[in-house]
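Peer 1: Numbering (this note's numbering) for the sequence shown: 1 to 486.
Don't read these hints as lab results, they were simulated from the structure.
Please note that the accuracy of each hint is not assured.
[Claimed, not checked] With beta-carbon atoms standing in for the labels, derived distance ranges: (1) Asp431 - Asp101: 28 to 34 angstroms; (2) Arg362 - Asp188: 35 to 41 angstroms; (3) Ala79 - Asp431: 45 to 51 angstroms; (4) Glu299 - Glu237: 54 to 60 angstroms; (5) Arg236 - Leu461: 36 to 42 angstroms; (6) Pro125 - Pro189: 47 to 53 angstroms; (7) Gly174 - Pro201: 18 to 24 angstroms; (8) Ala14 - Asp431: 55 to 61 angstroms.
[Unchecked claim] Computed cross-link-like contacts, DSSO-like style, restricted to lysine-lysine with a CA-CA straight-line distance of at most 30 angstroms: (9) Lys322 - Lys58; (10) Lys129 - Lys180; (11) Lys486 - Lys129; (12) Lys58 - Lys129; (13) Lys486 - Lys465; (14) Lys486 - Lys458.
Note that this is a predicted model, so its numbers are computed, not measured.
Backbone N, C-alpha and C fix where the C-beta goes; we use that ideal spot for every residue, glycine too.
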Amino acid sequence: MVEDVRSSPPAAAAEPHFLIVTYPAQGHINPARHLARRLLRATGARVTISTAVSAFRKMFPEAAVAGAGDDAGEGHRDASGVWYVPYSDGYDGGFDRAVHDHTHYLTQVKLVGSRTLSGVLTRLPAAGKPVTLVVYTLLLSWVAGVARSHGVPAALYWIQPASVLAAYLHFFRGTGGLDKAVAAASGDPMAVVEVPGLPSPVRIRDLPSFIVSTSGDDPYAFVSDMFRELVDMLGREDSPSVLANTFDAMEPDAVASLQEHGVDLVPVGPVLSFLDDAPAKTVAGNNDLFKNDGSGYLEWLDTQEPASVVYISFGSLSMMSKRQIEEVAMAMSESGRPFLWVLREDNRRSEGGGADIAGGERGMVVEWCDQVRVLSHPSVACFVTHCGWNSTLESVACGVPVVGVPQWTDQGTNAWLVERLGTGVRVTVGDKEDGGVVDAGELRRCIDFATSEMVRAKATLWREKARAAAAEGGSSERNLRAFVAK
1 MVEDVRSSPP AAAAEPHFLI VTYPAQGHIN PARHLARRLL RATGARVTIS TAVSAFRKMF
61 PEAAVAGAGD DAGEGHRDAS GVWYVPYSDG YDGGFDRAVH DHTHYLTQVK LVGSRTLSGV
121 LTRLPAAGKP VTLVVYTLLL SWVAGVARSH GVPAALYWIQ PASVLAAYLH FFRGTGGLDK
181 AVAAASGDPM AVVEVPGLPS PVRIRDLPSF IVSTSGDDPY AFVSDMFREL VDMLGREDSP
241 SVLANTFDAM EPDAVASLQE HGVDLVPVGP VLSFLDDAPA KTVAGNNDLF KNDGSGYLEW
301 LDTQEPASVV YISFGSLSMM SKRQIEEVAM AMSESGRPFL WVLREDNRRS EGGGADIAGG
361 ERGMVVEWCD QVRVLSHPSV ACFVTHCGWN STLESVACGV PVVGVPQWTD QGTNAWLVER
421 LGTGVRVTVG DKEDGGVVDA GELRRCIDFA TSEMVRAKAT LWREKARAAA AEGGSSERNL
481 RAFVAK
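Generate the whole structure from the sequences, applying the supplied hints.
Peer 2: Right under this line is the structure:
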């Protein structure tokens, strides 16, 4: 006898629940939080971020004391409505780069993280909150296997520009002989190479540092192998979709090249919370790994003339040598311009007290700040930056011209892209024998160029393009909705 299926309605599908797994560094956590809030706005679904215990404790010390990060329970919910459930990477006390080994850490995070993240994916369904999609950031490709073992689909969240992913893909695949051309350049930073998907000219210095390093004792050489594994994964039949924090108008050639070479790339950027939230809500949800220096710097900005202040920050990881700090201080003294300078406490300590500087009458030096509020302030004229991708996107979305001082990883490519857009300029550094320092005169020259009417006009133009892409009905907003509807 055939059962009448009309009397047995199908079981309801699980409510969407996105789990975003991120590496415990500020430059990875920020875009993960921004994506979580964007998904929350676009779908109304439950969104959970999982980062390492050490980062969770810094972000939410009160919640950690209360046990919200323990094995039991659903975790902690922040002011924006995003949930947080940590995993252990085996370094719950935090990673100290002065003591610990990066290679060992990444081995441990894969070993311990696979086990503890699996526990997260087991506990959430038991709490009635099953995960329907796992999204993971860079350096965590092992997360896809953990998700697969739980029957949950996974997607990669690419938090660097599409141009960088195109460079890695074509280098490791040897497309057009790119790998051979890079080798033939013998480390000459000004040598020109052809990269499919990237408009010419592209110089060696414009490529990600992990594929052009010629040092046999490079402590980060293992990262190159991780990107090679990622490229190999993108060539498999079960390769994940790639959500990219960029937008179609910004990198059309790189996006097209990746898609033509089989990568299911979905541009969803710029993924920045301040484009979605009211200012008060953005501030309420700010849980950085570093503590802001109160609000005095914002009050100081209020006293400055419009488009007059030079904002200087080299991000959460980059370190400035004592000599470089001195050159920056000299440049600002000689320029006569007001400035706001972020110089982290760990950077000052590393210089043995020699970096104990003050802003003087025209400047202000802080240990950390709310960068979006600074870049959004009308008194800011330009941004001297290491060109991390988060900072680059924020400068574009705020319409602030850039002076790029790239140091490693994707930063050279980001600076190249800034110059392609016309929204800033890259400094010329001194010889390696001289420490690769940017001297005061070069920094002053670049600041003068970045604050010119021509560059300011370009920055304003790209500000509108970036905001249009992220707005309701914009290209990236449509792309994200289409992706989650699959």
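Peer 1: Do the alpha carbons of Lys322 and Lys58 lie within 30 angstroms of each other, as the hint requires?
Peer 2: 28 angstroms, holds
Peer 1: Holds or violated: are the alpha carbons of Lys486 and Lys458 at most 30 angstroms from each other?
Peer 2: Given pair Lys486, Lys458 is violated - Cα atoms ~37 angstroms apart, limit 30 angstroms.
Peer 1: Within 30 angstroms, alpha carbon to alpha carbon, are Lys129 and Lys180?
Peer 2: 50 angstroms, violated
Peer 1: With 47 to 53 angstroms as the target window, see if Pro125 and Pro189 comply at their CB atoms.
Peer 2: 51 angstroms, holds
Peer 1: For a C-alpha distance cap of 30 angstroms, please report whether Lys486 and Lys129 respect it.
Peer 2: 20 angstroms, holds
Peer 1: Are Glu299 and Glu237 spaced within 54 to 60 angstroms by their CB atoms?
Peer 2: 57 angstroms, holds
Peer 1: Does the Cβ pair Asp431, Asp101 satisfy 28 to 34 angstroms?
Peer 2: 30 angstroms, holds
Peer 1: Given the hinted pair Lys58 and Lys129, is their alpha-carbon gap at most 30 angstroms?
Peer 2: 25 angstroms, holds
Peer 1: Falls inside 45 to 51 angstroms, the C-beta gap from Ala79 to Asp431?
Peer 2: 49 angstroms, holds
Peer 1: Note whether the CB distance of Arg236 and Leu461 lies within 36 to 42 angstroms or breaks it.
Peer 2: 40 angstroms, holds
Peer 1: The hint says 55 to 61 angstroms between Ala14 and Asp431; measuring C-beta to C-beta, is that right?
Peer 2: 59 angstroms, holds
Peer 1: If I claimed the Cβ atoms of Arg362 and Asp188 lie 35 to 41 angstroms apart, would that claim hold in this structure?
Peer 2: Check passed, 40 angstroms falls within 35 to 41 angstroms.
The structure is inconsistent with the numbered hints 10 and 14, although it conforms to all the rest.
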